[in-house]
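Protein sequences, first through last, are from chains A and B.
Per the working numbering, the first sequence starts with residue 1357, numbered consecutively.
Per the working numbering, the second sequence starts with residue 3, numbered consecutively.
Hints are computed from structural coordinates only; laboratory data are not their basis.
One or more of the hints may lead you astray.
[Unchecked claim] Listed next, the in silico DSSO-like pairs over lysine-lysine satisfying Cα-Cα at most 30 Å (straight line):
id, chain 1, residue 1, chain 2, residue 2
1, B, K303, A, K1418
2, A, K1516, B, K153
3, B, K183, A, K1442
4, B, K235, A, K1387
5, B, K171, A, K1568
6, B, K180, A, K1398
7, B, K128, A, K1554
8, A, K1440, B, K235
9, B, K143, A, K1513
10, A, K1516, A, K1398
11, A, K1391, B, K153
12, A, K1568, A, K1464
13, A, K1418, B, K128
14, A, K1418, B, K183
15, B, K235, A, K1391
16, B, K209, A, K1398
17, B, K128, B, K209
18, A, K1398, B, K303
19, A, K1552, B, K164
20, A, K1394, B, K145
21, A, K1552, B, K22
Given next are the chains, with one letter for each unit.
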Amino acid sequence: MIKNILNLGDAALYCDFGQDINKETNSYVIKYFNKIQKLEIKSINNITPSYNKLIISFDLNKIRFNELKNLIEKIQIDDEDTLKKKVIEIPICCEEPYSLDFSRLEEKLKLNKEQILKNFFKKKFFCYMTGFIAGMPFLGDLDENMRIQRLETPRVKVPKGSIGITEQFANIYTFESPGGWNIIGNTPIEVFDNSKEKEPNLINPGDTVIFKEITREQYLNYEQ
Amino acid sequence: MSNNYFEVIRSGINTTFQDKGRPNLYHLGIPFSGAMDNRNYLLVNKLVANDLNNPVLEFAYQGPHLKYIGEKISFAITGDVSFKIKSKTSEIDGNCYETYEINDGDEIDIFSTNKSVYGYLSLSGKFDVTYQWGSCSTNTKSKIGSNNGKKLQNQQIIEISKINKNFNKKRINYVNTKIEKIRVIKGTNFDYFSEIAINNFFKKEFKVSKLSDRMGMRLEGTQLENIYNSNIKSEGLIKGVIQVTGDGNPIIMLSDHGTIGGYPKIAVTISADYDRLVQLPSGSKIKFQQIELSDAETLFKMYEMDTQNLLNQI
């Protein structure tokens, strides 16, 4: 449930769902997101769900903060507002030249490559949110022994399709971008397709993601 | 190919097609984009009697040099821009906020914006652009929008799909004012910063860095000390948010900003000051002033009334 609504500047609501980052809190964020989107409130121009926040920006020509806050506070979430969930399998190759940070991972996590891969591939990931760059999913949670800080110096260019990990999260670079996550492998599939106006993102909040290891040969011969 | 088009002799530094942008896509990670300076964007379309959401060319610092091929058409430029109109027989200096007719073979050479960043060019007609999610706005980082998501390239062609033939000359008197004090509202992580940092934020001058673009305006000056945590759990952003990165420097989110971010938000620029904020060229000195939400709302209403009055004069 929304704990508190503040203003973010003069044209956005900052809805706080509490400190904790877990599936339950995030599920509420997504339920609110879905519900508000369905209401089609004309003055709203963006609703951005994240781990434990929902930012609602609006057209200041059409409505003001207090008025929209009152509207949002009246919204009730009931049990019928369930999440539509999909399970998506993402093939990834963790061989050279795709696994950019394996030596760093082995050193920092004090695990060998085999153990790291085993821990990574056994996991069912939950998609908390998408964004930063178009279609990038933020997936969690990695086990305690797999948690690592960002690179001290972020890469200027992370290759498209790279799968990165940091703290309890994994993500997928939907196109080449700067970034500081530790790169474990790369997927040959398109996770963001800008030719699809309706559902450009393969993975959406609430979905479950399973990674499947493929060889370099399978990667190179992969057909979409 | 259409009979009416521009040849791009020189593309300029960062020339892109823009309109009002793409709302309601942040949850997918797709930025809003759209013209940076909304007032000048609206004015340029009104001057050439276009729908106010028509595509325009936005240029930054140095604009494009264009050669026109086709039947008579009018255009206008807004902002604070130096440009020439060259025909076979004459060469004149153009004025912003005034429409000009051009004919087959004429050239528009936009050398630079003056003490500002963005300028806008619109036609009495329509550029042949492509739409994605209802907007033609080009976002070069996400490779979305017109021109295959790219900025204008030298030697390319810009096709014109429609010309409005019943067109009368128009002009207004308008001078852009430069903003020196950016008014802000306290951000949601205001109390992450030390008393000294807050004091510095509002008292000291900051310089607009060369590393600024349509995504963000980086500022240089006093480093702002964070006493709590220099990272927050990633959450949504909006344009105008001022984040402070790990090195203590503020960065203001602009129209192409990433949809989520993990740096503390010290303040948010008020909507009324956004158009003039984006026009500050690198090297500009600025200061921040804190105001309350209700004042920000009133200032925006006044700013919008001014914009409407200008539009009504055309």
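To see whether the hints hold, each was checked on the structure:
no. : hint              : in the structure
1   : K303/B x K1418/A  : 11 Å, holds
2   : K1516/A x K153/B  : 21 Å, holds
3   : K183/B x K1442/A  : 49 Å, violated
4   : K235/B x K1387/A  : 20 Å, holds
5   : K171/B x K1568/A  : 64 Å, violated
6   : K180/B x K1398/A  : 33 Å, violated
7   : K128/B x K1554/A  : 26 Å, holds
8   : K1440/A x K235/B  : 25 Å, holds
9   : K143/B x K1513/A  : 12 Å, holds
10  : K1516/A x K1398/A : 36 Å, violated
11  : K1391/A x K153/B  : 37 Å, violated
12  : K1568/A x K1464/A : 24 Å, holds
13  : K1418/A x K128/B  : 28 Å, holds
14  : K1418/A x K183/B  : 27 Å, holds
15  : K235/B x K1391/A  : 24 Å, holds
16  : K209/B x K1398/A  : 38 Å, violated
17  : K128/B x K209/B   : 38 Å, violated
18  : K1398/A x K303/B  : 19 Å, holds
19  : K1552/A x K164/B  : 27 Å, holds
20  : K1394/A x K145/B  : 29 Å, holds
21  : K1552/A x K22/B   : 21 Å, holds
Going through the hint list in order, the structure does not satisfy hints 3, 5, 6, 10, 11, 16, 17.
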